[in-house]
Amino acid sequence: MENRCLYAYKKKFGVSYPEHLDDEQFEPLNNVMLNMMEQKNFVIEIKDLEEDAKKYLIDEKGDIKNKEKISLINTYYSDRERMLFCLLSSLIEKKEYSFEGYIICSYVIKMNSSYYSAWVYRRKCLKKLNLNLLNDLKFTKYIISDNIKSFQSWFHRRWLIEYIYKMNYRKKNNQRNNECNYNIYIEEGKNIDNKNENLNEYNIDMENNYISSFDDEKNFISSEEEMNSNSSYNIHDNFYNDDDGFISNCDDTDFEEGQENNRNNIYIYEELGNIINNNIFFKNSLLPNEIINIDNFLYEELLYNNCDIFIDMKNYNSWATKTWLIDKFNILQNEYICKKHNIILHEFCFINYLLTIDIYNNSLWVYRYFILNKLSYFHDLAKMQKEIYFCFTYANQFYDNQAIFNYFIHMVFLYIKLYQNASQIKQKNTELNIQCEKKEETYKHDERNIFQIPLVNYIKNELIKIQHKSKFVLVFLSQLYSYNGSYDDEIECYRYLQKYDDFNEHVWKDRIECVQKRLKI
1 MENRCLYAYK
11 KKFGVSYPEH
21 LDDEQFEPLN
31 NVMLNMMEQK
41 NFVIEIKDLE
51 EDAKKYLIDE
61 KGDIKNKEKI
71 SLINTYYSDR
81 ERMLFCLLSS
91 LIEKKEYSFE
101 GYIICSYVIK
111 MNSSYYSAWV
121 YRRKCLKKLN
131 LNLLNDLKFT
141 KYIISDNIKS
151 FQSWFHRRWL
161 IEYIYKMNYR
171 KKNNQRNNEC
181 NYNIYIEEGK
191 NIDNKNENLN
201 EYNIDMENNY
211 ISSFDDEKNF
221 ISSEEEMNSN
231 SSYNIHDNFY
241 NDDDGFISNC
251 DDTDFEEGQE
261 NNRNNIYIYE
271 ELGNIINNNI
281 FFKNSLLPNE
291 IINIDNFLYE
301 ELLYNNCDIF
311 IDMKNYNSWA
321 TKTWLIDKFN
331 ILQNEYICKK
341 HNIILHEFCF
351 INYLLTIDIY
361 NNSLWVYRYF
371 ILNKLSYFHD
381 LAKMQKEIYF
391 CFTYANQFYD
401 NQAIFNYFIH
411 MVFLYIKLYQ
421 NASQIKQKNT
431 ELNIQCEKKE
441 ETYKHDERNI
451 FQIPLVNYIK
461 NELIKIQHKS
471 KFVLVFLSQL
481 YSYNGSYDDE
491 IECYRYLQKY
501 DDFNEHVWKD
511 RIECVQKRLK
521 I
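Per the UniProt record's numbering, residue 1 is the first one in the sequence shown, and the count goes up by one each step.
Derived from the structure by calculation, the hints contain no laboratory data.
Just so you know, not all the hints are guaranteed correct.
[Unchecked claim] List time: in silico DSSO-like cross-link candidates among lysine-lysine, alpha-carbon distance up to 27 Å:
no., residue 1, residue 2
1, K465, K499
2, K110, K94
3, K339, K166
4, K283, K171
5, K314, K110
6, K340, K166
[To be verified] Pair by pair, the computed Cβ-Cβ distance ranges are:
no., residue 1, residue 2, range
7, K517, N147, 25 to 35 Å
8, N373, Y487, 24 to 34 Å
9, K386, N147, 15 to 25 Å
10, I268, N147, 30 to 40 Å
Virtual Cβ for every residue (Gly too), placed ideally from N, Cα, C.
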């Protein structure tokens, strides 16, 4: 089902999503270059299965006194795998970040996408050698499509997206500043010496600001601050502050003006050249990082992430990356993306469509809550009322769905607070201050009775009709009664649950005792 939906989504929005890893085999590993490289002893102890079997048989007979430790779990590694792990371990130990190492870690990750050290080494190679980031992002997507639950792959993907974003802005900002400084020089008619001095001073300060956002490895990936601008090109100032952390395992010099020259350190000798020429991916990795339309880039990443969700709609990494994209880069407030692609309507249609596929998926309801919160729906009484009717329609039909009722009760409580605040403001505006003081106690009593709110009272009465069909309906009603202070009705719900929900009988018994203590107080 998910694959059919994925195909339809890809076709409609033109997303180029890889369905499996490329057909690239391991022939380049037979190259003399790799066989001649220094190797390190394999860290993981490897024991032959037959030897362990013999030890076990001898041990049963009791023929040996000094019993060697027998491996309970044996992992078989081919000669090719041993060679790759040994080569990569040697490079990591020597801190040698070379294009040869980049090739090796690519094959290691292809074999084991959860190998954390290989991903860390890869990031250092990307920065030290200034390799093509978009090409590496494509490689990461292939790895994720092959093993969608690999956390290390998703971690690297986030790193790449943010790194591409910041590096792209840095280049664009440099161009703008150079043009601006040149225009100022022409207008003011300053001499060349003064101009050079001013430009040098400005660039030093500017570089310090850039470097500060890349030099913190401890605080990956972004700060908790939200970006308030309406355009992605206007929100970059929030990235460049001391509180904003961004992973960086390199020196400050890697982000100086001459960083593009780092690739000159790659010496393409004959053996290495043969590997590069016979592999499109490695050839593309040497292409320069050019300035791109960052808004289109973010939009494509969002579409691509939606494709990941179609593959596994309950995968935590997919949803976490999607919410990170929207929150970190403020996509829902980006004028370019919203106007050109109508992204807000797109996301609501995406959520509603997935609900028709799996309405019991709690991740969908959590994401819907996230979207409404980002759009400030929780401050609009009319929109909240519409959302509650939306929830009630599904809750009345799927009364055994815990995910719906968990979402539903939060919406109701938000609506109650919003309604009470609106009523309080209205009352203060229509009455004199003296009258308000006299009626203060009466108003507080009315405010507490949430069933005086027409919509809440309607929901309660309708759900009472089906309360014996589902324990989730009873739990929902008990929460409403508890919020309203109707403790007798709350106890009645718990007693019914205690009687018919045998598995959680002790839970409801404890709830009853807690409410009874509250009544005595």
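Structure-based check of all given hints:
Using a Cα cut-off of 27 Å, the hinted pair K465 and K499 holds, with the two alpha carbons roughly 19 Å apart. A threshold of 27 Å between alpha carbons decides the hint, and for K110 with K94 the separation of about 23 Å falls inside it, so the pair holds. Between K339 and K166 the CA atoms are separated by roughly 23 Å; this keeps the pair inside 27 Å, and the hint holds. The suggested pairing of K283 with K171 holds, with an alpha-carbon distance near 24 Å, which does not exceed 27 Å.
Our distance criterion of 27 Å between C-alpha atoms is met by K314 and K110, whose separation comes to about 24 Å. Between the alpha carbons of K340 and K166 the distance comes to roughly 23 Å, so the proposed pair stays at or under 27 Å and holds. Distance hint check: the CB atoms of K517 and N147 are about 51 Å apart, inconsistent with the given range 25 to 35 Å. Between N373 and Y487, the C-beta spacing of about 31 Å keeps the proposed range 24 to 34 Å intact.
For the pair K386 and N147, the beta carbons lie near 41 Å from each other, so the given range of 15 to 25 Å is not met. At roughly 32 Å, the beta carbons of I268 and N147 sit within the given window of 30 to 40 Å.
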